[in-house]
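Mind the numbering: the sequence shown is residues 1 to 565 in UniProt numbering, read in order.
Hints in this document: simulated from the structure, not taken from any laboratory.
Some hints could be false.
In silico EDC-like links for lysine to aspartate or glutamate, alpha-carbon gap of 20 angstroms or less [said to hold, decoys possible]: (1) Lys504 x Asp533; (2) Lys353 x Glu464; (3) Lys441 x Glu527; (4) Lys504 x Glu464; (5) Lys359 x Asp257; (6) Lys359 x Glu278; (7) Lys359 x Glu384; (8) Lys530 x Asp305; (9) Lys152 x Glu142; (10) Lys132 x Asp117; (11) Lys441 x Glu384; (12) Lys530 x Asp390; (13) Lys441 x Asp533; (14) Lys353 x Glu210; (15) Lys359 x Asp550.
Cβ pair distances, simulated, as ranges [claimed, not checked]: (16) Ser363 x Tyr465: 46 to 56 angstroms; (17) Ser122 x Glu14: 28 to 38 angstroms; (18) Ser38 x Asp360: 49 to 59 angstroms; (19) Glu207 x Glu488: 52 to 62 angstroms; (20) Asp491 x Gly116: 39 to 49 angstroms; (21) Asp491 x Thr192: 44 to 54 angstroms.
The structure presented is a predicted model; accordingly, all values stated were derived computationally and were not measured.
All C-beta atoms in this analysis are idealised placements derived from N, C-alpha and C, irrespective of residue type, glycine included.
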Amino acid sequence: MTTTASALVDTLEELGVEYVFGYPGGRVIELLEYLPDSDVDLVRPRDEREASVMAEMHGRLTGTPGVLAGQGPWIGSLGMIGQMEARLSSSPMVVLTEASERGEYSTLAPYQQSRGDYGGFSLPSILDGVTKEWWFPRTPVETVRSTQLAFKHAVASRPGPTAVILDGDAITEDLPDDSTPPAWDAREQTRTWDAAPAATDVATAAEALEDAERPVIISGNGVHAAQAYDELAAAADAYDCAVVTSYLGKSTYPETDERAAGVMGSFGHEGANQVVSEADTLLVVGCRMNPMDTNWQAPEFIRPDEQTIIHADIDTRNAGWVYPADVGLIGDAAESLTALADAGEASNDWATKRAAAAKDWFSTAECEDESTPIKPQRAVKAIESVVDEDTIVTADSGNNRFWLLYYLQTPAVRTYFGSGGVGGMGWANPAAVSAALTTGKDVIAVAGDGGFSMTMNSVETAVEYGVAPTFVVLNDTSLGMVRQMQHEDGDIAGVEFHDTDFVKAAEAFGAVGTRVTDPHELGEALETGKAADVPHVIDVRIDREEDMADTLASSFYESVGGLHE
1 MTTTASALVD TLEELGVEYV FGYPGGRVIE LLEYLPDSDV DLVRPRDERE ASVMAEMHGR
61 LTGTPGVLAG QGPWIGSLGM IGQMEARLSS SPMVVLTEAS ERGEYSTLAP YQQSRGDYGG
121 FSLPSILDGV TKEWWFPRTP VETVRSTQLA FKHAVASRPG PTAVILDGDA ITEDLPDDST
181 PPAWDAREQT RTWDAAPAAT DVATAAEALE DAERPVIISG NGVHAAQAYD ELAAAADAYD
241 CAVVTSYLGK STYPETDERA AGVMGSFGHE GANQVVSEAD TLLVVGCRMN PMDTNWQAPE
301 FIRPDEQTII HADIDTRNAG WVYPADVGLI GDAAESLTAL ADAGEASNDW ATKRAAAAKD
361 WFSTAECEDE STPIKPQRAV KAIESVVDED TIVTADSGNN RFWLLYYLQT PAVRTYFGSG
421 GVGGMGWANP AAVSAALTTG KDVIAVAGDG GFSMTMNSVE TAVEYGVAPT FVVLNDTSLG
481 MVRQMQHEDG DIAGVEFHDT DFVKAAEAFG AVGTRVTDPH ELGEALETGK AADVPHVIDV
541 RIDREEDMAD TLASSFYESV GGLHE
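Sequences and hints are given; from them, build the entire structure.
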């Protein structure tokens, strides 16, 4: 006979799971007891928050579910940041947690009990608000089957997080050899199929693109999720389209390419916004068009009454969600783009000429500024100088993210990923460790001093697991983005930070710490960190008076008005 816990680990092996990101606790301990004798490695950071982000990033990079495991109360609290990011960033994730119930004691003034009975709290209710699907199995066979379905649903249609709550003694009981209903083979049960758009819709979309004089592709996170990079390039070539991206779509298309026009939206490039506004036909691929992408619905920006909109998405509910679409292509982004590229072609020189002009927004005089404190634009250009096609940048939330968004010109696909689903601070550090483990590539995490402090334990996790990301802290000793919202100093409470010595912190974790105050020294520090086999923390002292808000494209709309005129 095989225990349920052992069978679950066998299931993970059958499904090719390489890592479980988690923290021992509760009934999950009984599952983790079987990992040392399996091909599945446990990555245990210092808390469930970091584990959840690492699992989310693993799923985002691989397209297969990242696995998060831990005790219910903490997976439902600390571990929620990665699950929320997974839900809004369409990253496949499977959460294996438990209800911390104690059998006959679960209804008697319970301790940690999270089944939802009186006196405890309801982990199912918490997970129901975030995950795509969750299961609360009570028997061994049901537990195995639920885990299989969790893997299936995590990648089916729009990817996202799913959860299994392990309950009571079911995790330690023996799995019966013959049951009705049975648990099927894990690989067969979890199999999914890619959806493709209807041929008539493809033909209509192809005709619109062929007739367009100013066609533009808006590439969103769905292209990352489908890893449809070659297919995107083929469609852009077939119809001679300029390509802009959403924030989450950054690096779905090389920003150095002749057709690339940058990132659209209120935190994007003014040049990219101009390209979108001037288009007569928009092909939106895997982008829900959230408020920041659409410049908060500025009427001069995207105009369904004047522009033809083709919306390709895995979920039919998303096509035409924000703006009425003329054509919906419902299916996997790779399938939709391939069908379009095969269906027709067009040729004009508007795209390359217009994209070339838009690229001017990637660089300003501040990018070459040699003054101190270091201009954040100058810091980003130093980071850009060490980013090649085999480097991944992870961007945190806050001003640092928007400096990168605006000034880091990505040289290849899959070179930039940011916290932009839920946009939580502290994401970049554990995401970088996960990316290094998952891909073996050079990784640069960029955060402000606030976000870095939240998860700087990730530096120790990197040391422990033998990977060497470079952690860049754009340090203005404050919560910079919020501080810059003040009309006068002291208007908003809580925006100033103690000047933490991140060099000593890095050394305490077993890493190398460097403080950089001179822009001439930054490039060398980045090159040294990238080449090293131990993590480096680079504390970059930036000019805290350089206001990101002055750069944002939204201010351009406020001052200029309609771009299409």
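Each hint tested on the structure:
1. Lys504 x Asp533: 19 angstroms, holds
2. Lys353 x Glu464: 50 angstroms, violated
3. Lys441 x Glu527: 14 angstroms, holds
4. Lys504 x Glu464: 18 angstroms, holds
5. Lys359 x Asp257: 10 angstroms, holds
6. Lys359 x Glu278: OK: Lys359 and Glu278 at ~16 angstroms, within 20 angstroms.
7. Lys359 x Glu384: Holds, at roughly 15 angstroms.
8. Lys530 x Asp305: Not OK: Lys530 and Asp305 at ~49 angstroms, beyond 20 angstroms, violated.
9. Lys152 x Glu142: 15 angstroms, holds
10. Lys132 x Asp117: 23 angstroms, violated
11. Lys441 x Glu384: Measuring from Cα to Cα gives roughly 16 angstroms; hence the hint holds.
12. Lys530 x Asp390: Satisfied, since the Cα-Cα distance of roughly 11 angstroms is no more than 20 angstroms.
13. Lys441 x Asp533: 12 angstroms, holds
14. Lys353 x Glu210: 18 angstroms, holds
15. Lys359 x Asp550: Distance of about 19 angstroms is within 20 angstroms: holds.
16. Ser363 x Tyr465: 46 to 56 angstroms: 37 angstroms, violated
17. Ser122 x Glu14: 28 to 38 angstroms: 32 angstroms, holds
18. Ser38 x Asp360: 49 to 59 angstroms: Check passed, 54 angstroms falls within 49 to 59 angstroms.
19. Glu207 x Glu488: 52 to 62 angstroms: Cβ of Glu207 to Cβ of Glu488: about 57 angstroms, so the range 52 to 62 angstroms holds.
20. Asp491 x Gly116: 39 to 49 angstroms: Once the Cβ atoms are compared, 43 angstroms apart, the range 39 to 49 angstroms for Gly116 and Asp491 holds.
21. Asp491 x Thr192: 44 to 54 angstroms: 51 angstroms, holds
Of the numbered hints listed earlier, those contradicted by the structure are 2, 8, 10 and 16.
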